[in-house]
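Enquirer: Start from the sequences, fold in the hints, and give me the full structure.
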Amino acid sequence: MLGKGIRIEGLRKRYGKGDTAVDALKGVDMQVAPGEAVGLIGPSGSGKSTLLKCLGAVIEPTAGRMTLGEEVIYDNAWKMPDLRALRRDKIGFVFQAPYLIPFLDVTDNVALLPMLAGRSNAESRNRAMGLLEALDVAHRAKAMPSQLSGGEQQRVSIARALVNRPPVILADEPTAPLDSERALAVIRILNQMALQYETAIIVVTHDEKIIPTFKRIYHIRDGKTQEEAGEGRAFE
Amino acid sequence: MISLAGRDILHSWGKFVFTGVGLGLLIGVTLTMAGVYRGMVDDAKVLLDNSGADLWVVQQDTLGPYAEPSSLYDDIYRGILGMPGVDRAANVTYLTMQVRQGERDVRAMVVGVVPGGPGEPGQPGYLIAGRQITRGHYEAVVDIATGFKLGERIQIRRNHYAVVGLTRRMVSSGGDPMVFIPLKDAQEAQFLKDNDAIARQRRRTAGNPAFNRPGTPGLLDAVIASQSINPYVNAVLVQVKPGFIPEEVAEPIRRWKRLQVYTRVQMEEILIGKLIATAAKQIGMFLVILAIVSAAIVAFIIYTLTLGKIREIAVLKLIGTRNSTIAGMILKQALGLGMIGFVVGKIAATFWAPIFPKYVLLEPGDALLGFAGVLVICALASVLAIRAALKVDPAEAIGG
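So the sequence lines, in the order shown, correspond to chains A and B.
Offset between the first sequence (1-based) and our numbering: plus 22.
Offset between the second sequence (1-based) and our numbering: plus 192.
Worth flagging that the hints you see were computed from the coordinates, not collected in a lab.
Among the hints, a few may not be true.
Said to hold, decoys possible - Under the rule of at most 20 Å between Cα atoms (straight-line distance), these lysine to aspartate or glutamate pairs were calculated in the EDC-like manner: (1) B:K583 x A:E82; (2) B:K207 x A:D127; (3) A:K101 x B:D585; (4) B:K473 x B:D558.
Claimed, not checked - Reference excerpt, derived from the structure (chain A facing chain B, CB under 10 Å, subset only): (5) K75; (6) V80; (7) Q118; (8) D127; (9) D130; (10) A133; (11) L135; (12) M137; (13) G140; (14) N143; (15) M166; (16) N186; (17) L192; (18) D194.
Keep in mind it's a predicted model, so treat the numbers as computed, not measured.
By construction, the Cβ of each residue, glycine as well, lies at the ideal position given by its N, Cα and C atoms.
Expert: Next up, the structure:
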């Protein structure tokens, strides 16, 4: 599965019924290869969040097909039986705010996911420590989230998204609360991780500072996507 | 796997401890209420134990001497002593009143007993200081709960008594400490009239031509003398000979002496089933209300704590946490709160129980039952919060 990326074809999502029905997605196509980070941009109400929720297996599309590697997640009316396990094992999430669990320290915030997947505490913590070291926050391993800076919190949330080595990471405005320098650092880390772990990364953003860093960008407007080449500036 | 509930409690321990202390005080009150009821039952049993009797002989068709008034002639005990299986029989009177000592007075049950040693029915079973009543008048043995001391003089009606002995846990079914005095003094105290009433009664008797006959000298004096004494007692306490069954001894007394006789079991039924039944129901109502209030408080606290973590719960669900894990976390927190509350409540009840004016008996069995009750209430109270948590949409973690 790793190495195959994520692919959606003709994805549609309709809210409501009859006269009040609203088509949030009107046949979206998208493909992100392993090791690639793409930007998803668009104005408010364009369907970005709906698309992210469909990609994250949080809401079900009305029609269309979605595959993760060779595994079919949705195929029109059919859906994979255990979407919760899919989210746990194969999709990583990075949010606008880090949303770390406030009563767990940094290590356990990251180690929680492998533990939920049934891995031993020792293995889970080892994995967590490896990622924290890679993301340069290992020195705060025993700190509580409230003791971290915004940038540190976001790096911990990236570690949490990566810890189960998912084939895809969905990042929802991950740089919104950060200044330019930290925002670029986060995107650089995401790109490095994408390459290192062969993960497909989709970054929803409004942030003008980071848009030029993507090599490919999907514009979403009125429920449809349009692919464009990006500048890929930061990683040359 | 990490204990999410434990970590959350440790992280916000202040919130849990303070809430637990508040809940604990409520649980302490609940345990104390149960202790008050147990104390009442124990007081009733102690009253029976301390009387040293196997049988209580009282006036026919009464529930005396504790639950209803009962009057018997004070020479009836002689006939009872002759009944088969009777070892000892002694008159006794009970009178609840204020006993004065200097400027203060104490509510007490004055018990009139035949002077004698320990083992005699009605006598205090043991003393912690001093001696038993040996004289026929003006000596008293008191329970230490009265606050009287050896050698002090106390006043009952118009007579003064020297405290010659101290005893402990000698209380009425209402929890009033006992004051033992000689039987003759107690009989006098029970029916004593004031001087004006005595003068009026003598005048009325003298004015009655049937009692004041010029041709029968001494009749008026005899009538007046008979009116001035009290030949009644409230009960005769009987001890049966070894080898005899109390009920078998009681039956001939009922039949041939035409008196009411109660065994120990019957007396317990009267005291617990009738005398303190209403108080027990009252306490039972309080216990039910306190249980409901405790459940409402736990439910409200856990619900509020859960609502404060909606975003974290959404994130947990988004990253694939099972519903059972989240429900377990909330349930464990509710149980943790209950455990903190129970420990605080048990300690509080243990410390404040001795301060209560009446006996509060905290039994380990009640504590265990209370602990189980607290856990059940907390588990039920967490249902509302669990429902709220399970309704959280993982999509809430994603903006938009």
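Enquirer: Which of the numbered hints are not met once you compare them with the structure shown?
Expert: none
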